[in-house]
Amino acid sequence: MDSGPIIKIEGIERKYVMGDDIEVMALRGVNVDIHQGEYVAIMGPSGSGKSTMLNLLGCLDRPTAGAYWLGGEDVAQMGDDALSDVRGRRIGFIFQSYNLIAQLTVLENIQVPLFYQGQSMQESYERCAELGRLVGLGDRLTHRPNQLSGGQQQRVAIARSLVNDPLMILADEPTGNLDSKTGLEVLDLIDDLNDSGKTIVLVTHDNYVAERAHRVIQMKDGLVDRVEVKRASGEARKKVNKRR
Amino acid sequence: MSTVQLGIKTLLLHKLRSGLTMMGIIFGVCSVIAMLAIGEGASFEAQERIKALGSNNIIVRSVKPPEQARESNNSNGRSRGIQYGLSYDDTARIYSTIPGVQRVLPMRIIRENVRFYEMELPCQVIGTLSFYPDIVSIDLVSGRFISPMDEVYKQNICVLTTSLAQRLFPYHDPLKQIIKIAGNYYKVVGLVREINTPGDRPQSGETEGETMENNVYIPLATAKTRFGETIIKRTGNTVNSETVQVHEIRVQMQDQPYVESADPQIRTLLARFHKEEDYEITVPLQLLRQAEATKRMFNIVLGSIAAISLLVGGIGIMNIMLANVTERTREIGVRRALGAKKNDITIQFLVETIVLSVGGGLVGVIVGVITPYIVTAVTDMNTIVTLWSVILAFGISGAVGVVFGLYPANAAASLDPIEALRHE
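Read top to bottom, the protein sequences are chains W and G.
Residue 12 in the working numbering sits at position 12 of the first sequence; the count goes up by one each step and never skips.
Residue 161 in the working numbering sits at position 161 of the second sequence; the count goes up by one each step and never skips.
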């Protein structure tokens, strides 16, 4: 049934050199496996290595030691261009502050990852317009980000994260800048994506948000402190968080 | 949407800023084109004047030798006779001994008044031969020029310049009118227009022969008999007489290579027969060369000024682009996260800079092509917009974009994506 984890992290370390002699170990040998279709939340207090973990998972950073296989590719020591390529093909990012590009329209923002994959705007038009409709912004495709509410902007970001059909969607505090109602809507949308088979890795410090995940990885001092299994893959979510 | 479109779009977000940034390039390009157009126009004028003298010609003129000039000035109350200048013998010697000579044209130039009934005007009487129009740039407007037969029979005929004719005969057809010069009557047989138009005086090598307005051309033989070779001037109780056989000799060479060699040969020849240097030799070809050298210098100076203004414009662009990179650090981080390679970021920012500079260049070309026309309209200066100056200015503006865009673009690309994403 399962052909092994799509993300396999073994003994990953990340060491920062501050100044001449001071070294900070942000990650001290973390092992994580994430399977296709899983919904994983990463939690931890600040300084726990949560952000470093996110950067490494997102291929924005390279570990100083250890191995990271993403979809069968060893990405741990890839060059800068290769990592850019991996990010563009394999990972969908959702940020706390949406991070849409101000001078582009909704549609164009969704198109950006495909643009860097070498697709022309005409080629990607249909798919991106479809994704815009999927997140409920079909009538706002030509709007600018500053003409949208926070919730709408985050929906655009979600559509953008889906456009390259990624192995994993990496969400960094996706509800952090939203009020609770729109936050719930966004979380529901992410749930729907997970239900349709997308692998979700979500970084949060909000227990309420983490409740929706299959597994919660608690980090502490650069190590995995404990892993809480909320439910098995495919099992229905706890009713408490469900709006509908 | 292409990278160029994206760049234009981004720049349009800050219209004022982009516009001001482009100003530097606009002025730079505009000044390159306008300055070169003015320089080109000025040198073109000079060259045209020199060409009018004939680039195959050598001009030998009689000049009053300095010592005698001083003597005659000091000779108050006495009558003095001086004799100087070129002779008919010189004309013959030049023709027979200098290699490559095609024709030699002697001219007598006498200042006199010309009268037609009540109208009296000062003019230059030029005694010359029938082939004068072939050697000196001159257009026949109506009638005919002096013919060889006029020369043989010493006819009392004359040819006027149009400007003189217009003033002398405001209400008559000048042809076949009889005018009076120094007690003799001459029939007008033709009108000529010198190629140099009135008011457009040559700045160098100006002598009596070249003030174009009021000339009366008569056959040389007629001039010889009617005016003689001695010109007597009375001022107060001083009587000065000047004896000059030939005021000017125009030597036409067969081809340009002969011109350069003939110059020293004529000098040597004349030096042998003249005790002092009572003549001067002008070689229009050399003047032309000098004018060209001057033009090159002029272009270099103007070009440097324009280049400096373009440089300043480029620095302005670089400054704004660096500010842009800082301001858009977050965007750069997002793009990097979404799969943009360093190169993509470099190209994006480079394209924006090039759009700025080339856009500025385009506007500058338009303004720069219009400016010389305004200059011409306002100052009467001749201007010529050359294609190469437009291409040069536009090319430089593009190059400025690349050169000054590379650093900010690289700065943008080398940002750490994590840091950039976290940037507020």
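It cannot be assumed that every hint is accurate.
Stated by the list, open to error - Here are the simulated DSBU-like pairs of lysine-lysine, each with C-alpha atoms no more than 35 Å apart in a straight line:
#1 Lys275/G with Lys8/W
#2 Lys342/G with Lys220/W
#3 Lys15/W with Lys295/G
#4 Lys8/W with Lys341/G
It should be emphasised that the hints constitute simulated quantities derived from the structure, not laboratory data.
None of these values were measured; they are calculated from a predicted model.
Each hint, compared with the structure:
{"no.": "1", "hint": "Lys275/G with Lys8/W", "verdict": "violated (110 Å)"}
{"no.": "2", "hint": "Lys342/G with Lys220/W", "verdict": "holds (34 Å)"}
{"no.": "3", "hint": "Lys15/W with Lys295/G", "verdict": "violated (67 Å)"}
{"no.": "4", "hint": "Lys8/W with Lys341/G", "verdict": "holds (25 Å)"}
The structure fails to meet hints 1 and 3 from the earlier list, while all remaining hints are met.
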